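Colleague: Going down the list, the sequences are from chains W and G.
Going by the working numbering, 691 is the number at position 185 of the first sequence; the sequence numbering is gapless.
Going by the working numbering, 117 is the number at position 40 of the second sequence; the sequence numbering is gapless.
Bear in mind the hints are in silico, worked out from the structure with no lab data behind them.
Any given hint might turn out to be false.
Claimed, not checked - Derived PhoX-like pairs: lysine-lysine, alpha-carbon spacing no greater than 20 Å straight-line:
id : chain 1 : residue 1 : chain 2 : residue 2
1  : G       : LYS208    : W       : LYS705
2  : G       : LYS177    : G       : LYS193
3  : G       : LYS93     : G       : LYS289
4  : G       : LYS258    : G       : LYS247
5  : W       : LYS560    : W       : LYS698
6  : G       : LYS343    : G       : LYS328
7  : G       : LYS343    : W       : LYS698
8  : G       : LYS135    : G       : LYS150
9  : G       : LYS258    : G       : LYS199
10 : G       : LYS177    : W       : LYS705
11 : G       : LYS208    : G       : LYS193
12 : W       : LYS705    : G       : LYS150
13 : W       : LYS615    : W       : LYS705
14 : G       : LYS93     : G       : LYS135
15 : G       : LYS247    : W       : LYS698
All values reported here derive from a predicted model rather than from experimental measurement.
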Amino acid sequence: MTKPETVRSNPPTVKKRISDPLSVQIFLIGLTFLFFIGFIFLPLGLVFSQAFQKGWSFYYESISEPYAIEAVKLTLLTVAIVVPINAVFGVAAAWAITKFNFKGKTALKSLLDLPFAVSPVIAGLIFVLLVGSRTPLGTWLGEQGIKIIFSTPGIVIATIFVTFPFIARELIPLMEAQGRDEEEAALTLGAKGWQIFGKITLPNIRWGLLYGMILCGARSIGEFGAVSVVSGHIRGQTNTIPLHVEILYSEYNFTASFAVASLLVFLALLTVVLKKGMEKHFQKNSFHL
Amino acid sequence: MGIELQNITKTFGEYKAIDNLSLNIASGDLIALLGPSGCGKTTLLRIIAGLEMADSGKIILENKDTTNLPPRKKNVGFVFQHYALFRRLTVFENVAFGLKVLPLRERPSRSEIRDKVEHLLKLVQMDWALKRYPSQLSGGQRQRVALARALAVNPRVLLLDEPFSALDAKVRQELRRWLRKLHDEIHVTSIFVTHDQEEALELADKIVVINKGRIEQQGTPQEVYDHPANAFVYNFLGNVNVFHGRIHNGKVSLGNHHVDAPDDLKNIEEKPSQTFVRPHEIGISRIRSNDNDLAGTIREVRLLGGQIGLNLECEGLDGPIEAEIPRELFINLQLEKGVQVFVTINRVRVFTGDYEI
Numbered sequence: 507m508t509k510p511e512t513v514r515s516n517p518p519t520v521k522k523r524i525s526d527p528l529s530v531q532i533f534l535i536g537l538t539f540l541f542f543i544g545f546i547f548l549p550l551g552l553v554f555s556q557a558f559q560k561g562w563s564f565y566y567e568s569i570s571e572p573y574a575i576e577a578v579k580l581t582l583l584t585v586a587i588v589v590p591i592n593a594v595f596g597v598a599a600a601w602a603i604t605k606f607n608f609k610g611k612t613a614l615k616s617l618l619d620l621p622f623a624v625s626p627v628i629a630g631l632i633f634v635l636l637v638g639s640r641t642p643l644g645t646w647l648g649e650q651g652i653k654i655i656f657s658t659p660g661i662v663i664a665t666i667f668v669t670f671p672f673i674a675r676e677l678i679p680l681m682e683a684q685g686r687d688e689e690e691a692a693l694t695l696g697a698k699g700w701q702i703f704g705k706i707t708l709p710n711i712r713w714g715l716l717y718g719m720i721l722c723g724a725r726s727i728g729e730f731g732a733v734s735v736v737s738g739h740i741r742g743q744t745n746t747i748p749l750h751v752e753i754l755y756s757e758y759n760f761t762a763s764f765a766v767a768s769l770l771v772f773l774a775l776l777t778v779v780l781k782k783g784m785e786k787h788f789q790k791n792s793f794h795l
Numbered sequence: 078m079g080i081e082l083q084n085i086t087k088t089f090g091e092y093k094a095i096d097n098l099s100l101n102i103a104s105g106d107l108i109a110l111l112g113p114s115g116c117g118k119t120t121l122l123r124i125i126a127g128l129e130m131a132d133s134g135k136i137i138l139e140n141k142d143t144t145n146l147p148p149r150k151k152n153v154g155f156v157f158q159h160y161a162l163f164r165r166l167t168v169f170e171n172v173a174f175g176l177k178v179l180p181l182r183e184r185p186s187r188s189e190i191r192d193k194v195e196h197l198l199k200l201v202q203m204d205w206a207l208k209r210y211p212s213q214l215s216g217g218q219r220q221r222v223a224l225a226r227a228l229a230v231n232p233r234v235l236l237l238d239e240p241f242s243a244l245d246a247k248v249r250q251e252l253r254r255w256l257r258k259l260h261d262e263i264h265v266t267s268i269f270v271t272h273d274q275e276e277a278l279e280l281a282d283k284i285v286v287i288n289k290g291r292i293e294q295q296g297t298p299q300e301v302y303d304h305p306a307n308a309f310v311y312n313f314l315g316n317v318n319v320f321h322g323r324i325h326n327g328k329v330s331l332g333n334h335h336v337d338a339p340d341d342l343k344n345i346e347e348k349p350s351q352t353f354v355r356p357h358e359i360g361i362s363r364i365r366s367n368d369n370d371l372a373g374t375i376r377e378v379r380l381l382g383g384q385i386g387l388n389l390e391c392e393g394l395d396g397p398i399e400a401e402i403p404r405e406l407f408i409n410l411q412l413e414k415g416v417q418v419f420v421t422i423n424r425v426r427v428f429t430g431d432y433e434i
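Work out the full structure: start from the sequences and follow the hints.
Modeller: Right, here's the structure in full:
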């Protein structure tokens with residue numbers, strides 16, 4: 507329950523003695539700025555300067571042409587499906603891991619990180635091998651009129667796989683810190699399972715959950731590797747924003763490519779702002795932890 | 078009968094937490110489960126509440142067999158060591174929780190809930206804090222809210238799991254007395270778990286001493302303290318000096334020194350024995366009052382509030398012994414480190430069991 511203020515309130519004399527010499531400070535700060543400029547500001551600036559190279563009207567045309575619009579729609583649709591599903595998965599997994607004792611719990615916990623460790627391309631290939639048109643399962647699904655690879659379901663499934671850990675990983679430490687006491691208290695007071703979840707557990711984890719959902723959403727928007735393998739790059743049908751950027755780029759249509767890419771940058775900036783806002787809220791409410 | 082436990086057994090893997098334990102508690106009593114940490118007392122409490130399942134045995138609360146009821150139907154009030162208040166809910170909402178989750182048919186009306194919560198919070202002297210959140214309260218205040226919350230559902234029995242152990246000494250003592258007073262008003266059958274013998278002696282109608290998942294002794298605080306059933310109970314209920322020796326022809330050996338054995342052990346021919354003496358039952362004087370007194374030297378002087386603790390090296394004893402004397406006596410005798418004194422051992426307890434401490 508220590509508030510950050512108490513940590514910062516060292517007497518100034520102590521601060522002076524333990525701090526590094528000025529030259530070291532200037533060097534480190536300078537290095538950090540150089541890195542930021544070289545790897546973040548400069549590339550971002552280039553994206554926008556390229557995007558607007560042929561003027562506003564071309565920029566507007568590039569992002570409003572039918573294929574681009576379709577790509578944006580597909581991306582948003584994917585996010586709209588993936589985030590809620592992963593929210594349910596994530597809460598369920600975090601709940602199971604932190605509130606129950608069962609065999610294979612440790613294994614499950616480490617397996618959660620698998621999607622982070624596996625290259626997204628492999629993740630995509632796994633699903634092609636599993637439900638592609640030449641596999642038994644894929645053939646059977648095809649006979650039922652269900653197409654997964656080279657269509658929207660494939661994109662959604664691949665994205666779910668890649669972004670699965672974000673929410674669970676956000677929630678597990680939070681729920682571990684909170685323990686089972688409150689749930690047990692609610693239980694002895696006569697609450698049913700869903701009442702405990704709705705009235706106690708969910709309110710306790712809501713900010714962590716929202717934070718995880720934002721990260722999950724951001725990753726879903728930008729996911730390229732896995733989606734690239736399963737989508738088939740059919741313009742207007744299975745093209746997400748990142749895939750559309752790549753197609754335009756490989757057609758030497760640089761300006762249009764960067765224009766669409768700038769949409770991704772905007773979405774990323776929006777995520778950062780949202781995340782920052784959430785962190786502030788987190789801190790303000792940390793006394794509840 | 079308030080609480081009847083019949084042959085409760087619980088194992089965690091290889092470890093036997095509760096070992097065929099049976100216990101009867103009269104309705105309206107306040108009982109202390111006293112034992113060292115890891116003795117199974119908290120597990121027993123959680124089994125009664127249904128938070129753990131016993132491997133075998135029967136639990137009857139106020140004449141109703143609750144062994145196989147899910148915890149939410151057992152209707153017990155449980156107070157947790159670390160309060161476990163709902164952090165996102167206000168004090169009012171916390172106490173009202175148990176009433177608001179009742180099925181619609183049994184649920185009291187809004188105004189009834191309001192009246193009941195306000196009444197309970199008044200009872201625990203927290204009615205000023207209705208709209209506060211748990212994080213805005215001190216530990217003692219939180220525990221009182223937790224108690225009101227547990228009482229709101231009219232529990233058959235009230236279970237308190239080391240309710241004061243997370244509080245500082247001063248608040249702990251206050252809350253202890255307050256709980257005793259509250260229990261005298263509401264008379265709900267209650268069990269509290271503690272490892273603090275002082276707390277158990279002061280608060281409980283009856284003490285149940287538990288060790289290694291079994292009951293060592295049960296009785297009123299007076300009985301348990303004055304007539305401990307075995308070496309473990311004696312040792313656990315307060316500070317002790319232990320002498321390992323032999324009992325022989327009605328005499329017990331303390332080092333080279335011999336004292337009369339208690340009557341019930343007079344007839345034993347010869348057996349290894351353990352002799353216990355409480356520090357406050359050791360007399361200290363400047364002059365030898367009888368032949369049985371031991372000559373000793375003060376090695377250390379410690380201030381223990383109203384008492385003075387002395388560490389003494391005695392002639393003929395293997396190790397140093399601890400004594401506690403009133404401060405006044407200490408001043409009158411003009412004692413200090415290094416002074417020669419005579420030690421009278423007034424009351425010994427002798428156990429012949431092979432119990433190891």
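Colleague: Holds or violated: are the alpha carbons of LYS615(W) and LYS705(W) at most 20 Å from each other?
Modeller: The hint is violated at about 26 Å.
Colleague: Within a Cα-Cα threshold of 20 Å, do LYS177(G) and LYS705(W) meet the stated pairing?
Modeller: Given pair LYS177(G), LYS705(W) holds - Cα atoms ~11 Å apart, limit 20 Å.
Colleague: Are the Cα positions of LYS343(G) and LYS328(G) separated by 20 Å at most?
Modeller: holds (8 Å)
Colleague: Verify the proposed pairing of LYS560(W) with LYS698(W), using a straight-line Cα cut of 20 Å.
Modeller: violated (63 Å)
Colleague: Just to be careful, I want the Cα atoms of LYS705(W) and LYS150(G) compared with a cutoff of 20 Å; is the pair within it?
Modeller: holds (19 Å)
Colleague: LYS93(G) and LYS289(G): Cα distance at most 20 Å?
Modeller: The given pair, whose Cα atoms are some 8 Å apart, holds under the 20 Å limit.
Colleague: Quick one, are LYS208(G) and LYS193(G) close enough, alpha carbons at most 20 Å?
Modeller: Holds, at about 16 Å.
Colleague: Given the hinted pair LYS177(G) and LYS193(G), is their Cα-Cα distance within 20 Å?
Modeller: Given that 20 Å is the threshold and the Cα spacing comes to 12 Å, the pair holds.
Colleague: Given the hinted pair LYS247(G) and LYS698(W), is their alpha-carbon gap at most 20 Å?
Modeller: The given pair, whose Cα atoms are some 38 Å apart, is violated under the 20 Å limit.
Colleague: Does LYS705(W) lie within 20 Å of LYS208(G) when you go C-alpha to C-alpha?
Modeller: holds (18 Å)
Colleague: Would you check the hint for LYS343(G) and LYS698(W), treating anything up to 20 Å between C-alpha atoms as holding?
Modeller: violated (62 Å)
Colleague: For the pair supplied as a hint, LYS258(G) and LYS247(G), is the alpha-carbon distance within the 20 Å limit?
Modeller: Distance ~17 Å between LYS258(G) and LYS247(G) Cα, so the pair holds.
Hint violations for this structure: numbers 5, 7, 13 and 15, all remaining hints satisfied.
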